[in-house]
Amino acid sequence: MSIPFIKRFKRAIIGFFSVVTSETNIRFMSVVGVIVLAVAWWFKVSRIELIVLLVIVFSVLILEGINTILERVIDLVEPRYKEVVREIKDGLAGLVLLASIGAAVVGIIIFWPYIIERF
2 MSIPFIKRFK RAIIGFFSVV TSETNIRFMS VVGVIVLAVA WWFKVSRIEL IVLLVIVFSV
62 LILEGINTIL ERVIDLVEPR YKEVVREIKD GLAGLVLLAS IGAAVVGIII FWPYIIERF
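Numbering (this note's numbering), first residue to last: 2 to 120.
Any given hint could turn out to be false.
Taking CB as the label site, the calculated pair distances span [unchecked claim]:
id, residue 1, residue 2, range
1, Lys8, Ala105, 35 to 45 angstroms
2, Val32, Arg87, 26 to 36 angstroms
3, Asp91, Lys8, 28 to 38 angstroms
4, Leu38, Ala94, 37 to 47 angstroms
5, Ile14, Leu77, 46 to 56 angstroms
6, Val40, Ile14, 35 to 45 angstroms
7, Tyr82, Ile116, 38 to 48 angstroms
8, Leu77, Phe17, 34 to 44 angstroms
9, Arg87, Leu51, 34 to 44 angstroms
10, Ile117, Glu79, 44 to 54 angstroms
11, Arg119, Ile52, 16 to 26 angstroms
12, Ala94, Pro5, 22 to 32 angstroms
Calculated from the structure, these hints are not laboratory results. Virtual Cβ for every residue (Gly too), placed ideally from N, Cα, C.
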């Protein structure tokens with residue numbers, strides 16, 4: 002028997018808040034995302050620029066969430082330290098870093114003309 006939609010939705014919300022409340026990085030990235038969107042509103046960026054910023058912000062947050070969950074699964078499967086575990090975790094962190102750098106570059110490209118115009 003399938004779980005009703007409302008229960009699945011509630012579980013998803015609980016899972017989301019579990020990740021957000023337990024991980025400093027995702028909280029930090031969430032704050033940065035809110036700031037980016039507030040600045041976008043302040044600069045009155047175009048609709049397409051706003052869409053790009055939303056996709057980038059949510060992509061980084063989703064990737065950090067996947068990183069967090071995969072690290073938990075790895076710890077569950079292999080709680081002892083092993084070189085391969087470190088390599089996997091470092092690789093995951095590297096991908097999040099790469100996405101964050103890409104997001105920063107996109108943010109600079111979008112915001113730079115507004116900054117020059119405003120100041």
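Cross-check of the supplied hints:
1. Lys8 - Ala105: 35 to 45 angstroms: Roughly 38 angstroms apart at Cβ, these two residues keep to the hinted range, so it holds.
2. Val32 - Arg87: 26 to 36 angstroms: 28 angstroms Cβ-Cβ, so the 26 to 36 angstroms window holds.
3. Asp91 - Lys8: 28 to 38 angstroms: holds, 37 angstroms
4. Leu38 - Ala94: 37 to 47 angstroms: Since leucine 38 and alanine 94 have Cβ atoms about 25 angstroms apart, the given range 37 to 47 angstroms is violated.
5. Ile14 - Leu77: 46 to 56 angstroms: violated, 23 angstroms
6. Val40 - Ile14: 35 to 45 angstroms: violated, 27 angstroms
7. Tyr82 - Ile116: 38 to 48 angstroms: About 46 angstroms separates the Cβ atoms of tyrosine 82 and isoleucine 116, which means 38 to 48 angstroms holds.
8. Leu77 - Phe17: 34 to 44 angstroms: violated, 20 angstroms
9. Arg87 - Leu51: 34 to 44 angstroms: holds, 39 angstroms
10. Ile117 - Glu79: 44 to 54 angstroms: holds, 51 angstroms
11. Arg119 - Ile52: 16 to 26 angstroms: With Cβ atoms ~22 angstroms apart, the hint holds.
12. Ala94 - Pro5: 22 to 32 angstroms: Violated, since alanine 94 and proline 5 (Cβ atoms, about 37 angstroms apart) do not stay within the stated range.
Checked against the numbered hints given earlier, the structure breaks hints 4, 5, 6, 8 and 12 and satisfies all the rest.
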